[in-house]
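*Asks:* Order-wise, the sequence lines are chains A and B. Anchor point for the first sequence: position 127 equals 127 in my numbering, and the numbering is continuous, going up by one each time. Anchor point for the second sequence: position 462 equals 462 in my numbering, and the numbering is continuous, going up by one each time.
Don't read these hints as lab results, they were simulated from the structure. Some clues are possibly wrong.
Claimed, not checked - Below are the DSBU-like pairs computed for lysine-lysine, each with C-alpha atoms no more than 35 Å apart in a straight line:
| hint | chain 1 | residue 1 | chain 2 | residue 2 |
| --- | --- | --- | --- | --- |
| 1 | A | Lys94 | B | Lys250 |
| 2 | B | Lys169 | A | Lys29 |
| 3 | A | Lys3 | B | Lys250 |
| 4 | B | Lys27 | B | Lys66 |
| 5 | B | Lys255 | B | Lys169 |
| 6 | A | Lys233 | B | Lys66 |
| 7 | B | Lys27 | A | Lys3 |
| 8 | A | Lys97 | B | Lys250 |
| 9 | B | Lys250 | A | Lys233 |
| 10 | A | Lys56 | B | Lys250 |
| 11 | B | Lys236 | A | Lys7 |
| 12 | B | Lys307 | B | Lys250 |
| 13 | B | Lys236 | A | Lys16 |
| 14 | A | Lys7 | A | Lys56 |
| 15 | B | Lys27 | A | Lys94 |
| 16 | A | Lys136 | A | Lys3 |
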Amino acid sequence: MFKILEKEYFSPNVVKLEVEAPAIARSRKPGHFVIVRTGAEGERIPLTIADADPVKGTIMLVVQAVGYSTQRICALEPGDSLTDVVGPLGRATKIEKVGTVVCCGGGVGVAPLLPIIKAMKQAGNRVVAILAARTKELVILEQQVAPWADELIIMTDDGSYGRKGLVTDGLESVINSEHVDLVVTIGPAVMMKFVSLLTLKYDIPTMCSLNTIMVDGTGMCGACRVTVDGKTKFVCVDGPEFDAHKVNFDEMMMRLRSYN
Amino acid sequence: MSDSQDICSAGRDSQWRKELRDAMPAKERTAIPRVEMPHLPADYRITCFEEVNEGLSDEQALLEAKRCLDCPDPQCVSGCPVSIDIPGFIKNIQRGDFAQASAVLRATSALPAVCGRVCPQERQCESKCIYNKMKKPPVAIGYLERFAADRAAATHSDAVSRPASTGIKVAVVGSGPAGLSFAGDMAARGFDVTVFEALHEIGGVLKYGIPEFRLPNSVVDHEIDQLRSMGVEFVKDVVIGKTYSHEDLKAMGFKGIFVASGAGLPRFMGIPGENLIGVMSSNEYLTRVNLMGAGRTDAPTPVIHGKHAAVIGGGNTAMDSARTARRMGAEKVYVVYRRGEAEMPARIEEVAHAKEEGIEFLTLHNPVEYTGDERGHVSMMRLQRMELGAPDESGRRSPVPVEGAITEVAVDMVIVSVGVSPNPLIPEAVTGLDVSRRGTLVVNDVTMRTSLADMYAGGDIVRGGATVILAMGDGRRAASAMAAALLA
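Kindly produce the complete structure, drawing on both the sequences and the hints.
*Replies:* Structure follows, in structure tokens:
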């Protein structure tokens, strides 16, 4: 179980894994995540599901090597197995036809955004996708996003690809040129914070997907708690998606540094 | 069950029991002092996670068993949530038949070695012992239960076999005490039992919650192996309601489902500063240390090593957290509890052990705020002094704040252990389930059946936060009712 069938490097630190997980491939929906563990003593790591093939019985995970456990996962090769993959966890994204949806993804946040882009398009929305990264090599999943986006904007901090600037620059230009009904943002917490501040200014409903520290991922530990609208919520069971305008991003960013 | 004949022959009227009663006058029995549990010295045990209680020797157990008067109407049995034949197993210890003592226990309890260690006996069986009326300490039923179970396990005289199969498949959601107890009873009745566990280890709260120094994992694993040899199958990494739906389980051929998914969500108090770094639930702290091996092995899961730790709450989980923090290197550990010590729900033994280990009790104190340093790390707790007022609906005197009596205590870790709410996964994922306002599943008290015909439930998902033994009792009742329904 949980055998890695395919591996592809998106960049030196970001890999795409195609993992055998038939039950999860069948039951997952956009927005869901899994908890993954490698090795007998392995840490439990939450990863969002980028895609799934229910017929093949596989799920697609995009992993960025940032710490010990993610480095270990990224070092696995086809034929190796993940020790545990449990899910799909969290609440699925609410997909409905609202009009124009702008999906803003930053870094590996584009991975969980991909199934949402697909589903939003399939629901009949006009979808504008903005994929942002520091530099050209870190722009991921452009090919996979392209067929589902009515308009695709690439933003790089250094201007090495697409337009130069932050995701918020791209978003603001869209907002200024057409009516936007919903913004979906997934990426680093600081990016989501600034997307949220921008859309608050324009009064556009905005949904974000949070990737906090978790242990069990099923509601048991509370490590993932965030403050939403002044109330404590658990990302694993109440989320991972929330109304971005109500999320206390500063507290979330502070809690992400718990073990630094 | 296969043991029933043996157990009948061990009844109070059997010849050997009469002889044992006649062999020693009651006066002599009651003159024997209650056995003391041998335990590791406090200064040593705070350096490691070895089990604190070492268990009784054969001699100690044989002598303690003599204290039991084998009462004609044994009240201890009525104090046990699963009605273990207490004099039956104790008298088997007295006659030296430890294997039979274990068999008597196993006839009513799937986890005797666990219950002997974690049950609050002083509030259950031992509280009803006739010795209390004589103003003497009760028979050490818990110690003897543990002795019989451990002795049988050590000598492999508790071997179980797989009964003839009925060919009927049943599923269990969760591998904690309720699920294991249910699985054992159903397997004994010949059902094909599959237990689905969300985590990567089997045992539920017995593994992630209760620490090694109170309940070694090897003890839990032995009980799980017993169930395996009875044919119970365990499947890890499956969240019912997510990985498989109720419909999926039906399609897989399961005719009955027992939901024992436990108490999912840790409660917080909703006071300022509770989301600072270093403030966490006892579930999180204990899971990191017990299940993930954080700080104890070379496991990569991190944990905060507080030097001055506060644990909020007065239950067993609070004691477990405080004693774990001590073992993880905290120089000072405070237990902060809003009522008095007499009102603490923790087992008396755990409170005593905690005190021996140097844990300070700030009873009649309640946190009102935490403040942190510039990095967002908790550095101080503000405590409100309390006093006891009139009794509340639980019969305990409820604490009321003493106006203006606020103290500040420096801390770098706070473990919040003020209870849990039921896990919302199943109630949300399965349609047609009756759910209470508290989020617990509503069941028939006798049969443990939910509003769905094929779904039963027990343990914390029904009770919202109870003990191992009550969860096990639920598993037993559900097994009995489901078996009757499926075989009808």
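*Asks:* Give a verdict on every hint.
*Replies:* Consistency of the hints with the structure:
Proposed proximity of lysine 94(A) and lysine 250(B) is supported: the alpha carbons are some 27 Å apart, at most 35 Å. Restraint check: the Cα-Cα separation between lysine 169(B) and lysine 29(A) comes to about 29 Å, which is no more than 35 Å; the hinted pair holds. Between lysine 3(A) and lysine 250(B), the direct Cα distance comes to roughly 27 Å. Compliance with the 35 Å bound is thereby established for this hinted pair. Taking the CA atoms of lysine 27(B) and lysine 66(B), the gap is near 11 Å; set against the 35 Å cutoff, the hint holds.
About 6 Å separates the Cα atoms of lysine 255(B) and lysine 169(B), which keeps this hinted pair within 35 Å; it holds. Under the criterion of a C-alpha separation no larger than 35 Å, the hint pairing lysine 233(A) with lysine 66(B) is inconsistent with the structure, at around 55 Å. Distance hint between lysine 27(B) and lysine 3(A) is unfulfilled; the C-alpha atoms sit about 69 Å from each other, more than 35 Å. For a cut-off of 35 Å, the pair hint linking lysine 97(A) to lysine 250(B) stands: about 34 Å separates their Cα positions.
Pair hint lysine 250(B) plus lysine 233(A) holds up; C-alpha atoms about 33 Å apart against a cutoff of 35 Å. Of the pairs offered as hints, the one joining lysine 56(A) and lysine 250(B) holds, with about 23 Å between alpha carbons and a cut-off of 35 Å not exceeded. Among the hinted pairs, lysine 236(B) with lysine 7(A) is consistent with the structure: their alpha-carbon atoms are about 25 Å apart, no more than 35 Å. For the hint pairing lysine 307(B) with lysine 250(B), the CA-to-CA distance comes to about 51 Å; that exceeds 35 Å, so the pair is violated.
Restraint check for lysine 236(B) and lysine 16(A): the C-alpha separation of about 25 Å stays at or below 35 Å, so the hint holds. Pair hint lysine 7(A) plus lysine 56(A) holds up; C-alpha atoms about 16 Å apart against a cutoff of 35 Å. With a CA separation close to 74 Å, the supplied pair lysine 27(B) and lysine 94(A) exceeds the 35 Å bound. A distance of roughly 31 Å separates the Cα atoms of lysine 136(A) and lysine 3(A); the hinted pair therefore holds under the 35 Å criterion.
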